[in-house]
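Per full-length UniProt numbering, the sequence shown starts with residue 1, numbered consecutively.
One thing to keep in mind: the hints can contain errors.
[What the hints assert, rightly or not] Restricting the straight-line Cα-Cα distance to at most 20 Å, the calculated cross-link-like pairs of lysine to aspartate or glutamate (EDC-like) are:
no., residue 1, residue 2
1, LYS308, GLU290
2, LYS365, ASP347
3, LYS308, ASP269
4, LYS308, ASP207
5, LYS365, ASP353
6, LYS365, ASP355
7, LYS365, GLU328
8, LYS308, GLU287
9, LYS308, ASP125
[To be verified] Distance ranges between label pairs, derived from CB positions:
no., residue 1, residue 2, range
10, ASP269, ALA363, 48 to 58 Å
11, SER222, LEU285, 30 to 40 Å
12, PRO223, THR369, 20 to 30 Å
13, ARG137, LEU285, 17 to 27 Å
14, SER224, SER138, 44 to 54 Å
15, SER294, GLN21, 51 to 61 Å
Read the hints as simulated data drawn from the structure, not as lab findings. All C-beta atoms, glycine included, are put in the ideal place defined by N, C-alpha and C.
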Amino acid sequence: MSQDMSAIVEILVNEKLVDEQRIEQAMGLAIAAASRARRLSPPNPWVGAVVLSASGEVVGTGSTQAPGGSHAEVAALLEAGELARDGVLVVTLEPCNHQGRTPACTEQIIDAGISRVVVAIEDPDPLVAGSGIERLRSAGLQVSLGTRAAEVRDQLAPYLHQRLTGRAFCVVKTAMSLDARSVARDGTSQWITGPEARADAHNLRADSQAVIIGAGTALADSPSLNARDATPSATRQPNRVLLDARGRVPATGPLFDQSIAATVVFTTDSVDPEAVEAWRAAGALVEVVEPQGSGVHLEQVLQLLSEKHGVLQAMVEGGAAMHAAFIEASLVDRIVAYVAPTFLGRDGRLAFDLDGPSTVMDASKWRITNTMLVGSDIRITLDPIVAAEELS
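Please put together the full structure from these sequences, using the hints given.
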């Protein structure tokens with residue numbers, strides 16, 4: 001090969017490397033844009049999109065708007081205008097190919113004159129499921145898949161789980177001492193962790209569409225369950241969900257104040273009808289599910305929250321028994337534990353009241369995905385290993 005030809009090849013290779021680096025960077029911008037829609041878009045997925053002009057410049061950025069508003073791709077294309085023609089669209093999730101509240105994104109991408117679309121992951125929703133990519137390719141657009149896919153799968157874990165299983169992504173949140181106690185001997189639990197950890201937990205609430213407690217927690221704490229200390233402020237308050245199989249909780253107090261947020265009560269058909277009427281009179285939505293042991297059927301709770309209430313992520317903030325019930329039913333998709341640098345002793349109540357395995361080999365396996373110092377406490381995030389592998 002001549003020296004001149006080698007120089008030409010080197011230039012072409014370098015141009016390709018720069019191009020792919022630019023695509024990677026653009027996907028990073030799209031992921032950041034998607035994160036800003038996390039509290040706004042549900043029950044739709046939080047998606048980010050970036051438009052690169054034909055010369056490779058960022059000319060448009062968008063994220064999913066509230067239901068009924070623009071999807072991320074359309075928002076980015078609107079910002080780009082004519083500069084989108086012959087350009088590249090970089091998007092975190094496969095564009096939709098069906099008419100819903102808004103027109104199909106694929107047709108608007110084609111009409112904008114985009115030449116190439118870079119998608120991080122396919123959308124498992126049966127209404128999409130590869131059809132968006134197929135439509136774009138059939139129209140002559142170049143489509144590539146997989147750029148920064150692992151990051152996007154992690155970002156969209158609640159949405160992907162809900163679409164694949166039909167039930168809400170379940171996050172158990174707990175605060176505990178170093179010896180795994182969440183309540184002191186005298187019954188006090190406020191506050192084990194510091195103000196920074198409590199504010200961080202409110203961010204978890206704001207990222208969820210439902211916060212679940214049981215009758216015991218409702219009676220002991222009379223909580224409001226809103227995301228009042230979230231940063232930035234919560235766009236919408238999560239549904240407050242009460243599990244009460246026996247009608248123990250009166251329809252009074254902050255939990256039933258509908259000016260704070262909606263209240264959903266799950267109970268069984270054996271509960272006193274007067275309790276049901278009182279809940280409904282207070283403005284709560286009442287869902288009747290099958291009994292499970294002495295409580296309600298937890299899988300049905302997560303399914304109905306998904307199907308009827310648009311919940312992608314549900315956060316469980318009950319006591320030790322409720323946490324254990326969800327774990328033992330294999331319904332927990334993530335645990336977030338705030339660990340305080342203190343001891344409550346053997347007479348304190350455990351954070352998880354589990355029936356232990358007979359041998360270490362039978363113990364459930366969890367993967368620590370993140371640890372972070374929050375004020376003076378440590379936040380540990382864990383995913384069940386099986387669930388982590390299924391979504392990878």
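Quick rundown of the hints versus the structure:
For the proposed pair LYS308 and GLU290, the alpha carbon gap of about 17 Å is at most 20 Å, so the pair holds. For the suggested pair LYS365 and ASP347, the alpha carbons sit about 27 Å apart, so the restraint of at most 20 Å is broken. Simply put, LYS308 and ASP269 have alpha-carbon atoms about 19 Å apart, close enough for the 20 Å limit, and the pair holds. Simply put, LYS308 and ASP207 have alpha-carbon atoms about 19 Å apart, close enough for the 20 Å limit, and the pair holds.
Of the pairs offered as hints, the one joining LYS365 and ASP353 holds, with about 17 Å between alpha carbons and a cut-off of 20 Å not exceeded. A C-alpha spacing of about 15 Å is found between LYS365 and ASP355, which places the hinted pair at or below 20 Å, so the restraint holds. Among the hinted pairs, LYS365 with GLU328 is consistent with the structure: their alpha-carbon atoms are about 13 Å apart, no more than 20 Å. Simply put, LYS308 and GLU287 have alpha-carbon atoms about 10 Å apart, close enough for the 20 Å limit, and the pair holds.
Proposed proximity of LYS308 and ASP125 is supported: the alpha carbons are some 17 Å apart, at most 20 Å. ASP269 and ALA363 have their C-beta atoms about 36 Å apart, which leaves the hinted 48 to 58 Å range violated. For SER222 and LEU285, the Cβ-Cβ distance of about 20 Å falls outside the hinted range of 30 to 40 Å, so the restraint is violated. Between PRO223 and THR369 the beta carbons are some 28 Å apart, a value that agrees with the proposed interval 20 to 30 Å.
ARG137 and LEU285 have their C-beta atoms about 44 Å apart, which leaves the hinted 17 to 27 Å range violated. Between SER224 and SER138 the C-beta distance comes to about 52 Å, which sits within the given range of 44 to 54 Å. Between SER294 and GLN21, the C-beta spacing of about 58 Å keeps the proposed range 51 to 61 Å intact.
Of the numbered hints given earlier, the model fails hints 2, 10, 11 and 13; all others are met.
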